Every structure is written in structure tokens, then in C-alpha cells.
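Enquirer: One line per chain: the protein sequences are A and B, in this order.
The working numbering puts the first residue of the first sequence at 2, with every later residue one more than the last.
The working numbering puts the first residue of the second sequence at 2, with every later residue one more than the last.
Treat the hints with care, as some may be off.
One copy or two, it doesn't matter: identical chains are merged, so the pair holds either way.
Here are the computed lysine-lysine pairs in the DSS-like style, where the Cα-Cα straight-line distance is at most 27 Å [as the list claims (entries may be wrong)]:
#1 Lys238 x Lys268
#2 Lys127 x Lys162
#3 Lys4 x Lys166
FYI, nobody ran anything at the bench for these hints, they're computed from the structure.
Note that this is a predicted model, so its numbers are computed, not measured.
Protein chains: 2
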Amino acid sequence: MNKDTQFLIVGLGLMGGSYAYALSKRGYHVAGIDINQDSIDYALANGIIEKGACFDADLIREADVIFFGLYPNTMVAWIEENRNLFKAGCLISDVSGVKCRVVDRVQELLKDLPVEFIASHPMAGKEVSGVKYANDQMFQQANFIITPTDKNTVTAVSFLKEFAKELNFANISILAPKKHDEMIGYVSQLTHVIAISLMNANDNPDLVNYTGDSFRDLTRIARINEHLWTELFFLNKDNLIREIDDFETALQALKQTLLDEDSDTLKQMMIISTQRRSRFDKKK
Amino acid sequence: MNKDTQFLIVGLGLMGGSYAYALSKRGYHVAGIDINQDSIDYALANGIIEKGACFDADLIREADVIFFGLYPNTMVAWIEENRNLFKAGCLISDVSGVKCRVVDRVQELLKDLPVEFIASHPMAGKEVSGVKYANDQMFQQANFIITPTDKNTVTAVSFLKEFAKELNFANISILAPKKHDEMIGYVSQLTHVIAISLMNANDNPDLVNYTGDSFRDLTRIARINEHLWTELFFLNKDNLIREIDDFETALQALKQTLLDEDSDTLKQMMIISTQRRSRFDKKK
Numbered sequence: 002m003n004k005d006t007q008f009l010i011v012g013l014g015l016m017g018g019s020y021a022y023a024l025s026k027r028g029y030h031v032a033g034i035d036i037n038q039d040s041i042d043y044a045l046a047n048g049i050i051e052k053g054a055c056f057d058a059d060l061i062r063e064a065d066v067i068f069f070g071l072y073p074n075t076m077v078a079w080i081e082e083n084r085n086l087f088k089a090g091c092l093i094s095d096v097s098g099v100k101c102r103v104v105d106r107v108q109e110l111l112k113d114l115p116v117e118f119i120a121s122h123p124m125a126g127k128e129v130s131g132v133k134y135a136n137d138q139m140f141q142q143a144n145f146i147i148t149p150t151d152k153n154t155v156t157a158v159s160f161l162k163e164f165a166k167e168l169n170f171a172n173i174s175i176l177a178p179k180k181h182d183e184m185i186g187y188v189s190q191l192t193h194v195i196a197i198s199l200m201n202a203n204d205n206p207d208l209v210n211y212t213g214d215s216f217r218d219l220t221r222i223a224r225i226n227e228h229l230w231t232e233l234f235f236l237n238k239d240n241l242i243r244e245i246d247d248f249e250t251a252l253q254a255l256k257q258t259l260l261d262e263d264s265d266t267l268k269q270m271m272i273i274s275t276q277r278r279s280r281f282d283k284k285k
Numbered sequence: 002m003n004k005d006t007q008f009l010i011v012g013l014g015l016m017g018g019s020y021a022y023a024l025s026k027r028g029y030h031v032a033g034i035d036i037n038q039d040s041i042d043y044a045l046a047n048g049i050i051e052k053g054a055c056f057d058a059d060l061i062r063e064a065d066v067i068f069f070g071l072y073p074n075t076m077v078a079w080i081e082e083n084r085n086l087f088k089a090g091c092l093i094s095d096v097s098g099v100k101c102r103v104v105d106r107v108q109e110l111l112k113d114l115p116v117e118f119i120a121s122h123p124m125a126g127k128e129v130s131g132v133k134y135a136n137d138q139m140f141q142q143a144n145f146i147i148t149p150t151d152k153n154t155v156t157a158v159s160f161l162k163e164f165a166k167e168l169n170f171a172n173i174s175i176l177a178p179k180k181h182d183e184m185i186g187y188v189s190q191l192t193h194v195i196a197i198s199l200m201n202a203n204d205n206p207d208l209v210n211y212t213g214d215s216f217r218d219l220t221r222i223a224r225i226n227e228h229l230w231t232e233l234f235f236l237n238k239d240n241l242i243r244e245i246d247d248f249e250t251a252l253q254a255l256k257q258t259l260l261d262e263d264s265d266t267l268k269q270m271m272i273i274s275t276q277r278r279s280r281f282d283k284k285k
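Same shape as in the complex, but just chain A (with noise of 0.2 Å):
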């Protein structure tokens, strides 16, 4: 990764957006694409890419690296469709939530041409969206996973692993597709799923008057973007469902603690979420 390096960013918006932010605030060389012409001229007026457009063939066929901050499925029809633009070289990464069904689809795309395309997730984000919030403040103490395949090289690791290092993100990891997917059924979409259902079991309104910070910080990511995450619930439905399915089953054990009045119990349940909880915390 040096600062000769053409990176292109496919879809400038809320992550697209910061990585090409910070890329260029270091130095690098960036361009953008976006459907949006809005976003790409906000973009440019920014400092945020030195070069951008809604399409442009030379745009990328000029890239050394490519992010796409895409939907998954969107950036998988983006590719089948433009495969045969990148350069002979080129390195390909994304942002999505979920992997195995994203890589494997793409990696038969590109099985045959002289790219490679390696998958990586950034674990950050916001309630809003759009290149206009685009920061690079959120990477840092954020956790940035990479899931390399069998068809990967140990360059495009070495590669990701820089990158993540220069946007400052606070860990890096490597994961294989099918434990990140277990592993974000968990940590990320049942934490959704949680919310959401928080929300759609109750509809008092005059609840906001009566509320403390655990409600508010326990539902703030029951805002959210409808299309994005249905498509990510049902590329990962399976972990999803298994995760929820033992998430009832602790929540059944608690409720039948209360129904049994059994302190001892409950109490225990609660010394376990305090201890495993205690991991979390992040390093001041």
C-alpha cells in the first residue's frame, strides 16, 4: 500500500464514503462511484475522492484497489456485470455484513480473470447514512474482520491488514466466512432482531416521559434501514434463526426463575451476565 496506489470506491455512502474520506485525508489517490450524482459532487467538493462520476469505465479500469460499499446483492450484479473492466492485478474488497453467501458468489464471478477479490467487514457504523456523515472517527476502536477463502493470497491479507492499520482501527482479525456469519447472527443481527421486537411489542407513546438510558441504548439500533438489513437477515437466515432460537430459550429459563420465585437461580444468571459483560468493555 503505498501512496501511488489508485483506489476506487463503489458506493459512497455512510462507510463507502469514510473509507474514501480517510484514504484521501492520508494521501492516497481516490476516485468514487455512486448512482447518486448528489453524492458524488458533495464528495468532490469535499476533498473526499479527487475524481468521481456515476459510471465510468476508465475509472475502473484505472483502480488498484476497489471497495464497494454496496448492498451485498447489488454489488454482486454490479460485478457480473462489469468483470471485465478491472485491471489485470486488481484487488477487490467490500463491507458487508455477511460473507458466505457474498464471496462465494463473487469469487466464481472472477474465478477466471486476473483479480482477486478477498472479503473483509468493517465492524462500525451509525444510525444515519449518506457520504455527508462520512468520518473516519468511528474506525477507531472499531474492530475490522477479514475472511479470507481458500482462493486467497497471503498478499491480499498482508494487504487488508495494512489498510485496516492505516484507517486506525483498534483490532484486526481473520476469520473464515462461515464462523463470521455464526459469529454476526449473534453479536450484530439478533441484537437487531432484539430491538425491532422491543419496539413492535408495545406501542405507548407516552413511554419516552417514563424511560431511562438502558431502554434508549438498548432499542438505538431499532432504527433502521429496512432494505439493507432484510437483505442481510435472509443471506444469513439460518445462523440468524439458530441465534434467536437460543436467545428464547435463555429468556424462557429467566422468565421461569420468576415464575418459580428462585433467587438463587436468577441471581446466577445475573453474576454470569455481569462476568462475560466484563469483556466488553473497551480499553480506555
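Here the structure of chain A is known, so what remains is to put chain B in place on it, guided by the hints.
Expert: Just chain B, lined up with the frame of chain A:
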């Protein structure tokens, strides 16, 4: 509420200590009683109280206003033991997270005495305990709920309103104890049940390397004082069980959309959760 009012805080934990600190900072006379001499010493040394002791009948006899920062059942027992020490005209309140099974018992204990117990609930807190963490910042933007019964006077309600305003609570509400406990079963207790169950559902210590902020936010309250919360859950058991059941119904409905690949219904749930959650954004 004037500067000659003699306040007594019984139980100098996080909440009681923060009340004492906020009142002292504003120039009121505050005494403290706590079973722990270290807490008294700390509070005296740091100007949180003017005088204090593990127990001192005179401090009780002198108090115009008493706030209890004790666990609910401990408070009821304490009042039963010491009720004959209260000064005539004394106003007594609490910080308990449940009301029906607290207010009824205390008002019954005090029914032949010339004192008034009016319950209230400051919707603030932190995942730490003890007077050392006392601060009055946590009341800003927080809700304060007064839960009078037909045994309470308008004067007492007015006093608590004034108290909450003086401590800078953002929003003051009046709610019947029964309504309070139903509401708290949803916004507070159910959210803690969810966080505890989520941590109990999975024991993978490596997850910390892969997690994002959504998981951290949702499980912040999984760090929980098992003694206090077991007591609170049992005191509000019927409401809490009903809330768990309602939440499970919503969770099952969401799971069904995954099984059916019913994207329209799933998106609709996300749209509802987004709309409802937007009501809870804090006013800047």
C-alpha cells in the same frame, strides 16, 4: 423547600449519595445515615453531607425531609423499626424502582403517624455503586416520576416537583403506582431481562474481537447488581412476566418472517421500530 430544611438521606449509595451531593452543592443542610462507616467518612470528607452516622436517632428526629436510598425490602424493614423516631410533619420519599408493593406497605406502617410517605422514582443510574460515584450530572436529561396514592397530599406532590426541578431533572411526571409498575416492567425490567438472557445465551470469550457498538450498547446493562435486581424483579413479577410474554410474541413473529422469507412483513416491522424509536431521541 427552603435552605433551612433539614434533609436526611438514609442509604448513601449511588442514588442516595448523588441526592446528598446535589442538595449540599445547592446549600441545603444534609445529614446521612449508612450502615457502612466508610461511606459516612467519605461523604463527610467530601462535603456530601454535613453530619452522619451508621445510626443516630437524633438525625432522624431532626429531619424535615427523608429520602431513602435503600433496597425496597430493606427500607420497609427500616421504617417499621424506626417509625416512631420520625418528626411530626416529616415528608418521606424513596428511589425504589418498583412502587405498588413498596408504597402500600410503607403507607400502612405509617398510617397512624403525623408523617407522609410519597414515593418517587428518579430514572437515572450507572453501572457502578457507592457514594464515591455520587454526582448530580446524571439527573440532567433524566426523568423523575412521582407516584402518589389517594393518601398523599397536594403539598407533598408539589414539594417533590420542586425538589426534582432543583436537581435539574429534565422531565417530571405523575403516575399512579400501578401504571408506574406496568411501565417499568417494559422500559426497565424487560430490557435488563433481555441483556441478561443475551449474555447467558452464548459463552464465546473471543466475541470481543468481533463485536461492534450495537452489541456493547445493548448489553451495557447486563452488568447488574444481582441482589437489588432480583428483589426488584420479584416485587414486580406479574408485570414483568406479561412483558416477557409480549416480547416473545413479537420475537416469534419476526422469526416467522425469516422462515417464510416474507420480506414485506419484516420490512414493515423495521419501519415500525424506526418510527417508534425516533420518539425516544433525546432533545439536544
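Enquirer: Hints first: check each against the structure and report whether it holds.
Expert: Now the hints, each set against the structure:
no., hint, in the structure
1, Lys238 x Lys268, "between (33 Å within a copy, 15 Å between copies)"
2, Lys127 x Lys162, "within (23 Å within a copy, 37 Å between copies)"
3, Lys4 x Lys166, "within (15 Å within a copy, 58 Å between copies)"
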